[in-house]
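K.L.:
Use the sequences and the hints to build the structure in full.
Each chain, letter by letter, is given below.
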Amino acid sequence: MAIAETVKGWDRIQMAQKVALDIPDGAYVNLGIGIPELVAGFVPHDREVIYHTENGLLGMGPSPGAGYEDPELINAGKKCVTAIPGASFFHHADSFAMIRGRHIDICVLGALQVSSEGDLANWSTGEADAIPAVGGAMDLVAGVKTIFVITQHNTKEGEPKIVEKCTYPLTGKKVVNKIYTDLAIIDVTENGLFVKEYAPGVTHQYLQERTAAKLSQYLQ
Amino acid sequence: MINKIVNSPAEAVRDIFDGAIVMISGFGEAGSPIELIHALIDLGAKNLTVVSNNTGSGNVGLAALIENRQVKKMICSFPRTANSTVFPDLYRKGEIELELVPQGTLAERIRAGGAGIPAFYTPASVNTPLADGKETRMFNSQLYVMEHAIKADFALVKCKTADRYGNLVYNKTARNFGPIMCTAADITIVQALAIAEPGGIDPENVITPGIFVKRVVEIQHPADESKLVQENRRYPWQ
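In the order they appear, the protein sequences are chains A and B.
Its first residue numbered 0, the first sequence is counted upward by one per residue in numbering that gives the first Met the number 0.
Its first residue numbered 0, the second sequence is counted upward by one per residue in numbering that gives the first Met the number 0.
Just so you know, the hints here were simulated from the structure itself, not pulled from any lab data.
These numbers were taken from a predicted model, which means no experiment stands behind them.
There's no promise every hint is true.
Below, a list of computed lysine-lysine pairs in the DSBU-like style, where the Cα atoms sit at most 30 Å apart [to be verified]:
| # | chain 1 | residue 1 | chain 2 | residue 2 |
| --- | --- | --- | --- | --- |
| 1 | B | LYS45 | B | LYS72 |
| 2 | A | LYS195 | B | LYS150 |
| 3 | B | LYS133 | A | LYS144 |
P.N.:
Now the structure itself:
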């Protein structure tokens, strides 16, 4: 265990970089609130990617400089953003037609739990006194072609977030395609979870011990 | 002559009645018609069902309407944001109802309401608690859930420019729910930053055609909600 204690895995920036490298040139992408927002900063410059934000903007640019914020130009997290040349604004029904109508290529979301079949729980812990809030997550996972989840591998308390079956209320069933954690990149396939890449110093056994679902290795 | 322009927010909202269903545009403060909401607080209509994406922040605008105990039920997708305490407190006490709707389903229910479509099927929320008890159906071997249209008695909407016919243009991401809400209410009431002469808005650029709008009031300098929240202001002003 002494060796295991020294494993740090990837930090948030490195996780975002890993996701960014998997976003191809020409993709239309929706980034969720939190770590997913970091991804845009790391897409290689020779790729042109268009960012969609469900509150009505295609062609979202980076945060404005101080003093240039416009409270009527915001992203889904209600932070001020910019619009790139070539951007468009539209109303909510059109925005979700883009989502539900399978026009958006990739969505990057956070997670509370992901199951071995790709079920996602990310909107509610189901606690009695919690104020339930869902936003656009259920529409995104139902309609976007490819769903990437970016999340810490374990909770702060050390509980696995990748599980055989989600215990929290679902956002969608069989919707996740790939999971990026601080310890590994994992493909969700018809035959279960396959580890695509291990963070430096992470062994299969170390990863499996921190995962509550069976992880398979690709044949070398 | 058609002239939908009225002189004050109070005149614009004068007939909102107890028990009405009221749609309120906005995504957070972007597009929220704060002067119309404050006029509704002054009017005092109660037992309202409010359809809006969020529940307001601080103690102004939509949050103040809820705090003033005029709202019986909220239909929304995200009832809490950084500075929202009014709704969560009442909800925990069991003193306000919540119908939680996925954001795209909320938008489409409003769109359907305005377009004469009573219900539709969507893949969003299938196999989740938000689809519990709802009718489902298979299409092309995929499961969908049936959702009903929402229609309102009134819609309160904010836009950038309007003319006396009720043609509207919006501002950036403040457009959000405005155009669809305009279509789904019997009486759509709009606050505009500016009034244009007929023809002043290029017909190619009209976002909401005037047929969907009943009243327009010009509010040249609407209150800045986040600034009011920062300053701990409270409506009615104290």
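K.L.:
Taking the hints in turn, state whether each one holds.
P.N.:
Against the structure, the hints:
no.	hint	verdict
1	B:LYS45 <-> B:LYS72	holds, 11 Å
2	A:LYS195 <-> B:LYS150	violated, 49 Å
3	B:LYS133 <-> A:LYS144	holds, 25 Å
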